[in-house]
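A.B. asks: Residue numbers (my numbering), protein chains in the order written: chain S, 1 to 369; chain C, 1 to 301; chain X, 1 to 112.
One or more hints might be untrue.
[What the hints assert, rightly or not] So, partial list: chain S residues that the calculated Cβ filter (under 10 Å) puts toward chain X:
1) THR77
2) ARG80
3) PHE118
4) ASP120
5) ARG169
6) LEU174
7) ARG292
8) ALA296
9) ARG297
Treat the hints as calculated values from the structure; they're not laboratory data.
Virtual Cβ for every residue (Gly too), placed ideally from N, Cα, C.
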Amino acid sequence: MNAQLTLTRLVTILRDPGAVRDLSLADWDLLVRLARVASLEGRLQAVIKAAGVLSEVPPAPRRHLDAACTLADRQHTMLRWEVARIHEALAGAGIPVLLLKGGAYVMAGLPCAPGRQFSDLDVMVPQPQLQTAEQHLFVHGWVCEGYDAYDQTYYRRWMHELPPLTHMRRKSVLDVHHTILPPTARLRPDPQKLWSAAVPLDGFPGLHVLAPTDMVLHSATHLFHDGELENGLRDLVDLDALLRHFAERDPGFWEQLTARAFEMDLARPLYYALRYGREFLATPVPDSVYVRLAPARPAAPLRAVMDALFRRGLRPHHWSCDGPLSGTARWWLYVRSHYLRMPLRLLLPHLVRKAIKERRAGKREQPEP
Amino acid sequence: MTAPEDLRAGLRGAGVALQVGPFVVRLRSRLDRVERALALFYDRQLLPPEQTAFADFHITLARASGLHWLWRPQARFFLDGRSPFRPLPLAHAYPLFEWGLNWCIAQHAHDFLMIHAAVLERDGQALVMPGEPGAGKSTLTAALTLSGWRLLSDEFALLALKSGKLVALPRPVSLKNAAIDLIRERYPQAVIGPASHDTSKGTVAHLRPTDTSIERMQAPARPAWLVFPRFTPGGRDQLQPLAPAEALQRLIGASFNYSVVGGAGFEAAADLIEQSACMQLEYADLDVTLGLLNGLREGGP
Amino acid sequence: MALPRPLRSGVSLTASEAPLELISLPPGHVRVWGDSVALYDSRCGETHVLQPPLTDIFCALRQGPMTPAAVFEYLEQRYDATEEELENAMQAGLSQLREHYLICDPADSRDA
């Protein structure tokens with residue numbers, strides 16, 4: 001089975017779900033596995049369903065796509081519940097909340113949400129109200145648990161953030177930020193600007209989502225600046241859906257996007273997002289946008305290096321997609337993401353500690369089936 | 001039926017395909033003990049390669065890499081190239097396959113409410129026995145299946161969300177410690193594989209499912225009895241009615257994916273309870289308890 | 001440090017004569033078994049098992065919105081207890097239903 005062909009198929013079906021008609025059972029055998037590793041199984045189901053061609057999927061692979069969607073639907077319902085509880089905890093206290101990532105996609109009903117699996121909920125509150133927010137959340141059952149003294153210090157001192165909070169009864173995890181990038185990061189978008197452009201969420205006074213341009217920039221930054229690309233293709237699929245959606249609704253969107261990217265100092269991650277979005281998913285980026293982004297383009301030698309890294313790193317981490325250099329590329333991207341997040345004097349001790357801890361805990365493995 | 005040399009070639013090549021209840025497993029392994037266990041337990045479930053273009057789970061059992069294979073050889077479980085668990089001693093390679101397969105099913109089969117429970121059938125009616133490890137469930141299951149009940153599952157009940165019926169997942173019954181000799185002595189016809197010592201569950205050996213259990217694997221059964229066994233050595237064997245609400249809470253506690261399947265899972269569990277006589281079983285003597293279970297009539301003890 | 005109080009704990013029940021209303025639940029998600037009720041709240045994924053007298057309060061409210069006084073009357077017909085005991089049991093029951101978000105709060109109605 002040709003692996004490149006299966007990746008191409010996955011991407012083709014996401015764009016043109018009618019293509020499922022041409023697949024044999026043997027094609028599905030590898031496609032389902034690839035989609036699973038890429039965290040795109042549920043997304044695949046949602047896209048196929050929306051196009052009305054779910055009946056073209058044979059029962060055996062369909063069971064897996066449906067199961068992934070069941071899981072995603074459940075997560076979305078729980079996420080809505082958590083958002084309502086956060087609203088209950090913070091709105092009365094007059095603390096405004098910005099929903100980020102999955103929380104925003106689901107609550108704002110954006111096209112990248114259906115079938116998309118989310119783990120945690122990410123929100124942002126204004127920095128001066130961070131402490132008060134923590135107190136109110138604590139009263140409503142969110143506590144900081146399972147983090148040792150080092151982790152706590154790491155979050156509070158270096159990240160100027162709260163460690164992830166867990167709800168005592170529901171065990172849901174909540175990340176409270178006050179900026180979209182850690183304060184130690186190389187890029188420093190001004191959170192005040194994000195707040196001024198934020199869009200209020202219907203029915204939840206005090207709750208907001210990012211403005212369309214900022215949502216795209218945040219997603220791009222998360223993927224290409226500080227992300228580890230564990231789910232690179234999935235995140236690129238999100239971006240592609242957001243870009244198509246916003247551009248379709250507002251003819252001035254592309255122009256606003258590039259202007260905002262320079263204003264927020266996030267033009268470089270946007271450049272990468274559009275470059276690889278077009279390459280992997282044929283994201284319809286007008287040529288004029290590239291011209292405007294030219295000043296943010298890395299110089300030719302760096303561009304070649306980044307191409308080599310991202311073209312490998314963005315492919316699903318599955319044996320069928322791996323080439324001889326995939327592991328090396330992933331390692332460099334991992335180091336890069338940390339390097340961009342904090343200065344070297346903080347980074348080296350942190351990585352060493354993290355490596356030792358992971359080794360001790362056998363982090364990615366469960367002790368027993 | 002597949003010739004032994006085909007099995008070996010298949011396991012070492014593209015993999016052999018097994019029909020395990022509603023799932024197709026493609027298994028590859030170069031380990032001799034896996035091959036022997038497969039020949040002993042799964043010979044009736046091998047699928048012809050041309051009929052199996054699609055498999056639900058692609059599993060590989062391999063020797064763990066690294067230097068310590070010299071003095072402490074280990075086996076690793078891979079699902080489609082990824083290894084979700086730590087390796088186990090090589091001698092436990094076959095139990096590792098069974099445990100790992102449980103994990104694969106629990107992670108993915110959300111068209112079922114999956115419950116940690118034994119399921120047996122008689123005259124189209126199913127007895128569902130959820131139980132904590134140590135409740136004596138496997139011993140009871142082995143004894144029942146060797147005395148006329150059809151085995152649907154030893155410790156993994158599949159309750160179909162759409163039909164409300166129990167779907168069979170017949171796998172070798174895992175017998176632990178003293179139960180191994182007990183079953184061997186009482187039922188001379190029992191085919192029991194080699195024991196794996198010092199696993200996390202003690203000594204484990206597997207009982208080959210009866211022919212009927214495998215032949216009728218595609219036939220689901222409707223729930224009739226929900227029995228929660230508890231092993232009480234020296235106590236009195238008795239079946240007592242259990243309040244439905246209590247039964248529901250215990251059933252949910254024994255489920256692997258209740259929180260994922262949502263309302264459909266609640267309805268399936270509640271329907272099962274409404275259709276079943278719910279009881280708890282105190283179990284001390286195998287003969288007396290078998291008498292109680294064999295005496296179950298529709299709608300009550 | 002003055003910690004903020006949870007929004008719900010201070011709600012005065014007796015002061016309000018506004019009708020109480022249960023959240024809407026699909027029929028399949030509520031099972032009445034003898035004197036207990038099992039129900040599933042799909043919004044948060046929680047399963048609740050109610051026992052008397054909570055069952056009676058729940059069953060009373062299932063007929064439709066009801067003022068606390070009407071709930072009290074309903075209980076009075078079923079229990080042989082002093083007025084004070086009944087009042088206490090009712091308040092405890094109602095606050096338990098509220099704690100589980102089973103009673104409609106106008107602010108929560110959009111979650112349903």
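A.B. asks: Would the stated hint for S:ARG169 survive a check requiring a Cβ distance to chain X of less than 10 Å?
C.D. replies: holds, 9 Å
A.B. asks: For the hint on S:LEU174, does the least C-beta distance to chain X fall short of 10 Å?
C.D. replies: violated, 15 Å
A.B. asks: Does the interface hint hold: is S:ARG292 within less than 10 Å of chain X, judged Cβ to Cβ?
C.D. replies: violated, 41 Å
A.B. asks: With a cut-off of 10 Å, does the beta carbon of S:ARG80 approach a beta carbon of chain X closely enough for the hint to hold?
C.D. replies: holds, 7 Å
A.B. asks: Tell me if the interface restraint on S:PHE118 is satisfied: Cβ within less than 10 Å of some Cβ in chain X.
C.D. replies: violated, 15 Å
A.B. asks: Given S:ARG297 as an interface hint, is its Cβ closer than 10 Å to any Cβ of chain X?
C.D. replies: violated, 45 Å
A.B. asks: Does S:ALA296 hold up as a contact with chain X if the rule is Cβ-Cβ below 10 Å?
C.D. replies: violated, 41 Å
A.B. asks: Under 10 Å is the threshold here; is the Cβ of S:ASP120 close enough to any Cβ of chain X for the hint to stand?
C.D. replies: violated, 16 Å
A.B. asks: Does S:THR77 hold up as a contact with chain X if the rule is Cβ-Cβ below 10 Å?
C.D. replies: Constraint on S:THR77 satisfied, holds at 7 Å.
Comparing the model with each numbered hint stated earlier shows that hints 3, 4, 6, 7, 8 and 9 do not hold.
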